[in-house]
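Same order as they appear, the protein sequences are chains A and B.
Heads up, the first sequence is in numbering that gives the first Met the number 0, so the first residue is 0 and it goes up one at a time.
Heads up, the second sequence is in numbering that gives the first Met the number 0, so the first residue is 0 and it goes up one at a time.
If you are wondering where the hints come from, they were derived from the structure by calculation, not from laboratory data.
Because the structure is a prediction, the values reported are computed rather than measured.
Heads up, some of the hints might be wrong.
You can't tell identical chains apart in this list, so a pair holds if it fits in one copy or across any two.
[Said to hold, decoys possible] 25 Å max Cα-Cα, derived PhoX-like pairs, lysine-lysine:
#1 LYS108 with LYS342
#2 LYS108 with LYS341
#3 LYS108 with LYS526
In case you want the letters, here they are:
2 protein chains.
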Amino acid sequence: MPDQPDDWRRVVVSRVRPEVEAGRFPIKRVVGESVEVVADVFLDGHDVLRAVLLHRPLGASRWSEVALEPQGNDRWQASFVVGSIGRHEYTVEAWVDDLASWRSGVLRKVEAGESVEIDLQVGADLLRERGEAAESRDREALRFAAGVLGDADSDLQERLALLRDPVLRAQLDRNPDRRRAERYARTLQIVVDPPLARCSAWYEFFPRSTGPGNRHGTFRDAVAMLDYVADAGFDIVYLPPIHPIGRSHRKGPNNTLEAGPDDPGSPWAIGAAEGGHKSVHPELGTLQDFDAFVSSADESGLEVALDIALQCSPDHPYVHEHPEWFRKRPDGSIQYAENPPKKYQDICPFDFECDSRAALWDELASIFEFWCERGIRVFRVDNPHTKPFAFWEWCIARVKALYPATIFLSEAFTRPKVMYRLAKLGFSQSYTYFSWRRHRQELVDYMEELTRTEVAEFFRPNFWPTTPDILPDDLWGAGRGAFVTRLVLAALLSANYGIYGPAFELLDNTGRPGSGEHLDNEKYQIKDWDLDRQDSLRPTMRKLNRIRREHPALQRNDTLRFHDCDNPSLLCFSKEDPESGDVVLVVVNLDYHHRHSGWIDLDPETIGVDETESYQVHDLLGHERFSWCGRRNYVELDPQVMPAHVFLIRRFVRREQDFDYFA
Amino acid sequence: MPDQPDDWRRVVVSRVRPEVEAGRFPIKRVVGESVEVVADVFLDGHDVLRAVLLHRPLGASRWSEVALEPQGNDRWQASFVVGSIGRHEYTVEAWVDDLASWRSGVLRKVEAGESVEIDLQVGADLLRERGEAAESRDREALRFAAGVLGDADSDLQERLALLRDPVLRAQLDRNPDRRRAERYARTLQIVVDPPLARCSAWYEFFPRSTGPGNRHGTFRDAVAMLDYVADAGFDIVYLPPIHPIGRSHRKGPNNTLEAGPDDPGSPWAIGAAEGGHKSVHPELGTLQDFDAFVSSADESGLEVALDIALQCSPDHPYVHEHPEWFRKRPDGSIQYAENPPKKYQDICPFDFECDSRAALWDELASIFEFWCERGIRVFRVDNPHTKPFAFWEWCIARVKALYPATIFLSEAFTRPKVMYRLAKLGFSQSYTYFSWRRHRQELVDYMEELTRTEVAEFFRPNFWPTTPDILPDDLWGAGRGAFVTRLVLAALLSANYGIYGPAFELLDNTGRPGSGEHLDNEKYQIKDWDLDRQDSLRPTMRKLNRIRREHPALQRNDTLRFHDCDNPSLLCFSKEDPESGDVVLVVVNLDYHHRHSGWIDLDPETIGVDETESYQVHDLLGHERFSWCGRRNYVELDPQVMPAHVFLIRRFVRREQDFDYFA
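Looking at chain A on its own, in the form it has when it is part of the complex:
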């Protein structure tokens, strides 16, 4: 037989959103972004409710409060802006306002011409009680009001006037009776990141390919690339692993098993006699050279992202110094990576469950901290989905406790739930399936999942048309139009995107049969890129990155809307920044080979034009201007010329008499 509850509340606070897995994981925001919170708040009967959203930086002693407003159907809403990087928390509290309930009843009786004498006595008692508990500055005033209200000999109109007195109301609002307030069952968290976590353009290149001819490039050579990358408008230069490369089982060109004596090997086979994850490859230079590279990047306004792959070549010092961190085979050898029947003999995975895991985990986390100490704030993490979730949750929290502005990009090309789990437990951004989403419905469905569902609260997509591991089928042998199409989609659908260059802008379209990647892949050999080629996409990248920087609408994903078009080869979408009023409208021809035309049907609310309005659209990419009218308009795009329009809408605003001019 259940005991009577001793701590019950009449008010219910439930379904506070956003909330990820019943509060198990935080939501994500960047500093300055707002958090819109909704909750179901209600109680038995008809009394008046008050509800507040409580929020504070984690560890702060006092809550900030924002009143929640009822939206109908017992749904309440409020929002607040997160003002600092780090963890914050929020929850909802609500209570019955007995005086407001009483007041609304009395006013209705007065309106109906009923006697309210006894009600005024009731109110006087409530007011007196509230006065006793009030702040000292309000105590006297509340006592006095109670006296007037309860004095049957005073003028009735004067007493009733108190019910509408704004000063008394403010005094009461300052002194709510929250003794029986109900707090939501859970306190929810927010990870607040720097703005770069929400909007960033990445440029990946291999520093060893920056030397003259086929000479192994160095950090000093790579400095020259920084101007190129900054001039093209990127925010982040991302380098594949820069550590000493193992020699045992080194891979040759095109992933062949036997490397020649001059083959440089894969940078992901980390560790050699010269050092491991906290050292740099001698052929790239010294740690000091690396520091100088980072300083130059900083001067160019670029962040440097390092690639951390938690795995070892058999030559890594860890393998010899800490054999207990690896799995041993019955013949005494260290277990190499396998996905039977495939063998990766150049890679030894750590045994995250080994008996010495405490020391192992500490050492691995210290790798990130080592590079943070040298000024690195962005990490691209290789294959996190093959390491335990618990490790990442702990490791990212540890690094962010020291360096809260650190950004982690998850390279987890795996099943959706695993990908999302990694985002929930701490990764700031993630690679996606974008590289293989080509057709309109595929793109629309994927974007809706990423931006219109709970996923948007914890998962920040980063779109890459290609990577050193990925040359999608549709780009094999494809022409310039195809590359521009994928570039425009990546840069404008997602606020975070990245380019693997110079292969991308130089239209490297040759795949290695049997693999999903480039022939003569830069992972296994040094490339000599001709950056000044006439057909380079560099000017288009520069233009797109400038458009992204100038248009806050493109720096977010939450306002993405798709618009209908009668030709399924044309994708039409818009993004909006309500704060600034910025709206950008994009139309992309998804067919790399043929000119397509069609009628797009704009959602007038999103675009802000009405059915019969005439206006101008200005293509920021092609610099053309078109006169449009209402919601249905004609577009035509030739992939040989330019497969996309990026439109600004210039409305004629009619003011006062008959002047027409641009808004």
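Using the hints provided, position chain B relative to the given structure of chain A.
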């Protein structure tokens, strides 16, 4: 800086469904029903997972287990049947099967022609370790198998044969290594009710209207109604409150403020000198008469439902004996019910928050127990939404701890979230908005909400076309067709439904202007019904109740499916009982006044017919048979004749050679 987690698991178990508000509330089932559970289960990397659904009656010491099966995309599924009334619980557990992971790798290597000698040593070690921890009957066999597997001198084929040996596999399945198993974060509960909670036909009548002429009817008179109700196929007779009726501020006919000396008053004004909630109204008879009535009902196969309204007339003994249970006004009088400017001076609400609440709550719960002790197992609870949620959660749990098969029907005509909250915290069934849902889209939307969303897990709708409080506008002055339409919809859309009789079957269609209820309402006066009227809907009620009893498809809501029809006045739906194969197809003309025809477009999968198949439909209501073909078929319904078809589908099944006959 966060500490390293010491109790982490590689496996993730998340999003176990059904789950109501993160497990705060139980789901509902009736005994014999199955619970289908899904969960997201996954881990890092590619190892083989096992997962089990754990379930047991609450308080049992041992879990029952069912293996979850992967459904793709990391979703796993299993189900179990709840075998006893009361609370049950369930959760999910999953772990890495190291031997199965190893086995799948070795088999792939063997297929690729690779050497597996070292792998067999690894497997032998794993097998040996598993043998040490195994049940004694398997220990020796596992040790032996480990020996064979690890013996490099044995025949390789013989060793490999072990990998496919079903006996060894069964031994391993019996002895899983679950030391690092992950249990879902929450254990979820199920309230298991008797079958009547899921499917019931209610008949409400006022016993005081069962006397001859206008003489006050008694329980003895009411016994005669039991045959009438049972013959019409109902399951439950529901009586408005049977307690002594107060005299102070007694309401007269049509809710007038002054009752004449012979006016019987509203049965909801509970309590007088003769007693309160544990007494019966003297004019109805004695408690012994009531007991005799309940026995007669039992003999007729009927459950008796009592109406419990937790409120008092000013004459209730509680008011005098326990003034501390009520709110006092400053003039010393007891506060009556108000919804300003409306006053309900004949009703004093309890103060659930009073200082003596422990005694008050105990007394109120004891009212239900008092009637349970007299054999009552069904309660209709008046206005539960004006009493604290915490009271109901505790009270229902307390009553069910003693009488687990008790059914509570919530009469909460209020906002949806409050209605649903009451269901979550314990009410078995609830009144709904059905009475005001008339048009096709309204009905479809409402049914989808009730049957296709999370609501279906905790809320069991009970559909009432009318009640003593409700005569919907569209039935004011309406004819027989309208009443039949509403009857069919209530009885066939919802497995629980109820009729307020004899007003309903006698087509009482006169509203009192300014109210939403009947003129000369039985709440305030005794009625003399002519049960034998020729135009009574009794035969139609009897027919519908028989159809409901004969067709398990109609005894559930979860398989409801709507089918398209080109005429928006026609509603077409089906219900199915997969266990028995029963399918019922219903078409209703929603226009009370005009004949409508149209083409319905059946979902072939639901109905089980293919595009070109010929079959017969048999109307259980009108007894007609029609020959139909494929998915699109013509229907025509005249509300003056019969506004609905209730079809059985009789398929011609071709067996052996060329015989055609009915399935």
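Now for the hints, and whether the structure bears them out:
| no. | hint | verdict |
| --- | --- | --- |
| 1 | LYS108 with LYS342 | between (84 Å within a copy, 10 Å between copies) |
| 2 | LYS108 with LYS341 | between (83 Å within a copy, 9 Å between copies) |
| 3 | LYS108 with LYS526 | neither (86 Å within a copy, 36 Å between copies) |
Comparing the model with each numbered hint stated earlier shows that hint 3 is the single one that does not hold.
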